[in-house]
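Enquirer: One letter stands for each residue in the lines below.
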Amino acid sequence: MTALRTINCAEATERAAFFVLGALDTREALEVREHLETCSRAHEEFAEIGGVVPHLAELPDEVEPSAELRQRLLDAVDADVRARRREYDAAERLVASFGARPRAPRAEPTEPRPAPAGADESRAAQAEADEPRAIAVGPGRPPAAPEEISETIADRGIETGGVEVGAAQAAATTLASLAPEDAAQAPAPAGSFTAPRAAVPSLAPEPPAAAAATTALPAPTPAAAAAATASVPATSRADVAARPASIEMARHERARRPVMPWLVAAVALLGIVGLGAWNVLLQAQLAEGRDHMQALQATLAARNQPNAVVAVLAGTDAAPGVTGTAVMPPGRAGYLVVQGLPPAPAGKTYQAWYVTGKESRPAGLLKVGADGMAVLSGLNPPGPVDAMAVTLEQEGGVDRTSQQPVAYGKVSR
Amino acid sequence: VTDVEATAVGTAAETGERSDEALLEEIARGEPDSLATLYDRYRTLAYSLAFRITGDVSLAEDVVQEAFLGVWRNAGRYSSVRASVRTWVLAIVHHRAIDALRRKRATSELPDGDSVPPVGLVMPDVWPEVVGRLDREQVRRALEAIAQPQREAIALAYYGGLTQQEIAARTGTPLGTVKSRVRLGLLALRHALISQGGGWERGTAEGGS
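If you read the sequences in order, they're chains A and B. The numbering of the first sequence is this note's numbering, which starts it at 1 and goes up by one. The numbering of the second sequence is this note's numbering, which starts it at 1 and goes up by one.
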């Protein structure tokens, strides 16, 4: 498929009829969709002519499917339920297992940590006590530019200093295939990222990818999990099962929701870490990184749960570079991943909030890694949540906040 | 309450009283029984559409199965503001069916699969229906009322999954003409449907429930 082009209102309008009929070619349809999501005008013509299409759906002569189809469908649903349950449970066990290790930051607050500024152990302890567990993520440096990453992947080949780029790509493919189902999507959040599409790694062909990031749990690679992190900002959801349309859906997703720079950056970040040239802390950081990756993998698994509630966070004026995603599967512990946080000033800490109407309830403290990334696990909203927010609070956190959020994102359903 | 709504309620009552929206909420919470109920409610419409598009019994069944799996996985994202459940489900079926059709075409007619854009993603965002539920005959009459070339172009696009370029090539018509035919045809169909439905517009009268 050729690269997408940005089209203007007139071009979008010209395509409206075929768009509403679902008959544009893929590229043209994606361009229209992207235009509609980014254009501030109403484009009433789409609704005007689109309104008749539902009637066309009901015109064909009635024919009945075979009686067996019903059972086939229910079997497929059952298999879907079991697969996701296994996946989630496996990820949860992993997180639990590394959480129990003595060297894990929250379990051993007194152990010196490699993370520099802001790695305040009392905060880690506090986070532990708060139940949702705060985990600072990753050693390193700011994510590389997407172009740089493409090169990294291409140049380094399959294995770079212990980081399996191949696995990362497989994971990326999986993630990309977590495209939304066909219809009725929420529009992309306003704060979503701008998007050099060309830098996105190409997608491998189909089904095996579905298993790559989510079932290879025994030995998660940092890169794979980095890709997992990267998937998180995507508002894409829950459809891991191999299916014919997934690649196209993936293309679609990547084109209309430009999340991939983060993905690429995260893959590259881990790739860079893996190059082994960093500093004396490398070994420790890799070990720590592996823990984080497992948490991120669990985030991915959570995202794959049917009907997980997802909030994509964007930085406010106070911290414009911040991005993040909260994933809360029904009846399960959820995760919040935030990237791009500046170090908290001395005596301050970042705190996450469940926002319902005008009420904010504390969701846990965020421990920011050297690279500005933080993972909060164990999210368990007390009730319906409209949005997630992150504020900067006094050390130890507060019960009620009067701060303006540094990052905020509405729950999309 | 209009006749149109009464019809919809009647459909719901046949299979157990729960509204489509309530069923979707249950599906979103992971209730397979509710999916089965929704399937029973819409399997005929869904399969009829899939069969009309694919012209193939087993492909049409695959399409319907995939579409309902899609409903299962994405029920939580359905928004009643945009469209009725019925429209949403059928839109997913349509998308899947066109997808399957284009795939099939790519392999059976054009050995070089790369030359054909792999389907899909053309699922338009869902909109509130312009007019309320009309019976099939009313819609057919409305369609009959519009000019034949417009009708043909709409059918090739919607049921045939042909792109505007493909329709132009197949009918030997300039691309610009194809575009305007489809657009004008849809507008004409809209007017015809609105007059069939007594000029009542669901979207404005009801806020699209």
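Please keep in mind that the hints were generated in silico from the structure rather than gathered at the bench. Do not take every clue at face value.
Claimed, not checked - Derived, one-sided and incomplete: chain B residues facing chain A with beta-carbon distance under 8 Å:
id, residue
1, T44
2, F51
3, L59
4, W72
5, R105
6, I146
7, A157
8, L162
9, T171
10, T173
11, L175
12, T177
13, K179
14, R190
Stated by the list, open to error - Counterexamples of contact, computed for chain A against chain B with all Cβ distances above 12 Å:
id, residue
15, A16
16, D25
17, A29
18, S40
19, G51
20, D61
21, P65
22, R70
23, D75
24, A76
25, P343
26, K358
27, Q403
By construction, the Cβ of each residue, glycine as well, lies at the ideal position given by its N, Cα and C atoms.
Enquirer: If a hint holds in the structure, say so; if it doesn't, say that too.
Expert: Verification of the supplied hints:
no. : hint : verdict
1   : T44  : 6 Å, holds
2   : F51  : 5 Å, holds
3   : L59  : 11 Å, violated
4   : W72  : 5 Å, holds
5   : R105 : 13 Å, violated
6   : I146 : 10 Å, violated
7   : A157 : 4 Å, holds
8   : L162 : 6 Å, holds
9   : T171 : 14 Å, violated
10  : T173 : 14 Å, violated
11  : L175 : 11 Å, violated
12  : T177 : 13 Å, violated
13  : K179 : 7 Å, holds
14  : R190 : 5 Å, holds
15  : A16  : 7 Å, violated
16  : D25  : 5 Å, violated
17  : A29  : 4 Å, violated
18  : S40  : 16 Å, holds
19  : G51  : 3 Å, violated
20  : D61  : 7 Å, violated
21  : P65  : 4 Å, violated
22  : R70  : 6 Å, violated
23  : D75  : 10 Å, violated
24  : A76  : 6 Å, violated
25  : P343 : 36 Å, holds
26  : K358 : 23 Å, holds
27  : Q403 : 31 Å, holds
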